[in-house]
Amino acid sequence: MGIATQDPGLLIMISLASGPKHGHAMMRDVESFAGVHLGPGTLYGALTRLDEGGLVEPLAVDGRRQPYRLTPAGLTALRARLGEMGQAVSIGLARVTGR
Amino acid sequence: MKPLLARLLIRAYPPAWRRRYGAEYAALLEDVPATPSAIADAVGAAVALRARGAAKSLITSGGPAVTIDFGGWHARTFALLAILVALPTTLVLALSGLAYNLNIPGMAAAIEPIQRQVGDSRIVYLSLMAAPVLAFVIAVLPVLRFSIHREGSELMISFAIRGRWLTLVAVTLSLLLIAFFAGHNATELVFGT
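If you're matching them up, the sequences are chains A and B in order. Heads up: the first sequence begins at 0 in my numbering, then just goes up one per residue. Heads up: the second sequence begins at 47 in my numbering, then just goes up one per residue.
Among these hints, one or two may not hold up.
Stated by the list, open to error - In silico EDC-like cross-links for lysine to aspartate or glutamate, where the CA-CA straight-line distance does not exceed 20 Å: (1) A:LYS20 / B:GLU76; (2) A:LYS20 / B:ASP77; (3) A:LYS20 / A:ASP6.
As the list claims (entries may be wrong) - Simulated coverage check for chain A against chain B, where a stretch passes if three residues somewhere in it have a Cβ under 8 Å from a Cβ of chain B: (4) 20 to 30; (5) 36 to 42; (6) 63 to 77.
No lab work stands behind these hints: they were computed from the structure. Please read these numbers as outputs of a predicted model, since none were measured by experiment. The beta carbon of each residue, even a glycine, is placed where N, CA and C say it ideally should be.
With the rest of the complex left out, here is chain A (with noise of 0.2 Å):
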């Protein structure tokens, strides 16, 4: 996960290929899955992107919270950037086991 977990954006769009979630959601979904902790600014700078860019929207505000899904762009952003990372580590997994 050390590639992903230098873009917290990335990270952001995995957690919420699983469903809609707010910030806080998030935040503890990224560590359960990827182990990074995402500090509240970092978090909301990438998602500031991700909204900006049409990646993600919001949902109907729930209580104070505000829930994100991905966009259909979002998701085809996600499985390009997923499948580049996928091919980059086989091609590497190849070169490794080859050697």
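Take the given structure of chain A and dock chain B to it, following the hints.
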């Protein structure tokens, strides 16, 4: 973290961002513990968002590119703080004036121990001299508005001051004290007294 701390941290973010995300971000900040790393992370993100906004508007034509606006930072509180910073210097000078210029009986006895302390310690003397400068900076920063923006191919720099009466009091007081010390030091330099 406490709602007050969350509100303070959110004030560091760009106004447009606060309008869009402020309420939900406040809810998140209140959900997380107020650890030094969480606070540093929130402040770092605020700086990054301000820098990003500035860079973005510098690239697109028109509109302010770099705006340092302390207007929302409670100018009145800063002015009060500036007056507090300048207060010891003001008191020492006022008491000295009453004692030696107006010769008010009993005042010299009251000011002498303080003057001895000031005369004996260079740090105290320098602190009394530096306090008005610090007070001036504290009073002025919150009311300054400085911006660089692009108009066509020209890069424009604009500068504005949004005054408040208490700021005026603090600035006037600190400038008078600075002028006094400047005059006093100049007299010492020229006449050696």
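Which numbered hints fail
none
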